[in-house]
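Can you build the whole structure from these sequences, using the hints too?
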Amino acid sequence: AECAVLGDLHYITFDHRRFSFPGACEYTLVQDFVEGTLRITAEQEACGGHQPLSCLRALSITVPGASARLHSTGEVVVDGRVVPLPFASAALTVRRASSSFLLLQTFGAHLLWGLETPAAYITLQPAFANKVSSTRFPMPCTIAVLCPNAIPVPQVRGLCGTYNWDQRDDFATPAGDVEVGVTAFANKYRVSTDCPVLSPVPFEPCSTYAPRRELAAATCAILHGASFQVLSGPTVCQHCGVRCSARPLLSAALPPPRGPGAILPALPL
1 AECAVLGDLH YITFDHRRFS FPGACEYTLV QDFVEGTLRI TAEQEACGGH QPLSCLRALS
61 ITVPGASARL HSTGEVVVDG RVVPLPFASA ALTVRRASSS FLLLQTFGAH LLWGLETPAA
121 YITLQPAFAN KVSSTRFPMP CTIAVLCPNA IPVPQVRGLC GTYNWDQRDD FATPAGDVEV
181 GVTAFANKYR VSTDCPVLSP VPFEPCSTYA PRRELAAATC AILHGASFQV LSGPTVCQHC
241 GVRCSARPLL SAALPPPRGP GAILPALPL
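When we follow the UniProt record's numbering, the leftmost residue of the sequence shown carries the number 1, and every step to the right adds one.
Some hints could be false.
Below, computed lysine to any residue pairings styled on SDA-like, alpha-carbon distance capped at 25 angstroms [unchecked claim]:
hint : residue 1 : residue 2
1    : K188      : E35
2    : K188      : R39
3    : K188      : L198
Listed next, with one range per pair, are the computed distances between beta-carbon atoms [said to hold, decoys possible]:
hint : residue 1 : residue 2 : range
4    : A218      : S20       : 15 to 25 angstroms
5    : P196      : A88       : 38 to 48 angstroms
6    : A175      : S98       : 33 to 43 angstroms
7    : S100      : S227      : 29 to 39 angstroms
8    : S227      : A90       : 44 to 54 angstroms
9    : A90       : V34       : 14 to 24 angstroms
10   : G80       : P200      : 35 to 45 angstroms
11   : S99       : V197      : 37 to 47 angstroms
12   : H224      : D194      : 39 to 49 angstroms
13   : P64       : T193      : 19 to 29 angstroms
Rather than coming from a laboratory, the hints here were simulated on the basis of the structure.
Since the model is a prediction, treat every value here as computed from it, not as a measurement.
Built from N, CA and C at the ideal position, the CB exists for glycine as well.
Following this line, the structure appears as structure tokens:
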């Protein structure tokens, strides 16, 4: 299963629930609440003073025996020291997957970290899917037939959701209850209580940045043109236009569309 955190506002959980949250803090994306073997956090900061927009600045991962932090500059810090790439230890490896991405691999998980456009793609192996717990056994059971009175328990929680093929509990909090609203849910995963608690005020980029609406719409319209139909089709890319239009800084980053054959910079849609 894959969770995507797209540079300015957007999240796609392991179970494919989509939401936007413009918080400026460090938030827990993934945490293993059953075995305690994995925690991934993301640091978001205001994008160059463009409030209320926030951008992804760093990604941190903690596993048994190591911790690493990937910065938007491409700097990699492992156990408190900057390391050259490629880097390998018994707990994790980090290397350049391409000119645009760093790849961090560890047991049961790997992360793609965007360098040109801040974005994170987190893939977990099935070992992090639901565990089965039982009132008769103190430890989680992985074989339901051996566990009378067993119920499935999400092993991971965080802004990336629960990875149990059920979107209804993706907004589960660290305490195990399920929030209804995005803001209340995300506030529960602040790493530091010093960060402000955001109020549930809806943020509409196209209203906040009205002068850029027309250019963003024209640029994003290319995604629905003939050039992209062969690659994606209407079903695969049904959300692309929405996410593209919701990028408030798009008009500052891209020139006006140049017609058929134009090459666009990569956008994390």
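The hints, checked one at a time:
no., hint, verdict
1, K188 x E35, "20 angstroms, holds"
2, K188 x R39, "15 angstroms, holds"
3, K188 x L198, "11 angstroms, holds"
4, A218 x S20: 15 to 25 angstroms, "22 angstroms, holds"
5, P196 x A88: 38 to 48 angstroms, "39 angstroms, holds"
6, A175 x S98: 33 to 43 angstroms, "40 angstroms, holds"
7, S100 x S227: 29 to 39 angstroms, "21 angstroms, violated"
8, S227 x A90: 44 to 54 angstroms, "46 angstroms, holds"
9, A90 x V34: 14 to 24 angstroms, "23 angstroms, holds"
10, G80 x P200: 35 to 45 angstroms, "37 angstroms, holds"
11, S99 x V197: 37 to 47 angstroms, "39 angstroms, holds"
12, H224 x D194: 39 to 49 angstroms, "43 angstroms, holds"
13, P64 x T193: 19 to 29 angstroms, "26 angstroms, holds"
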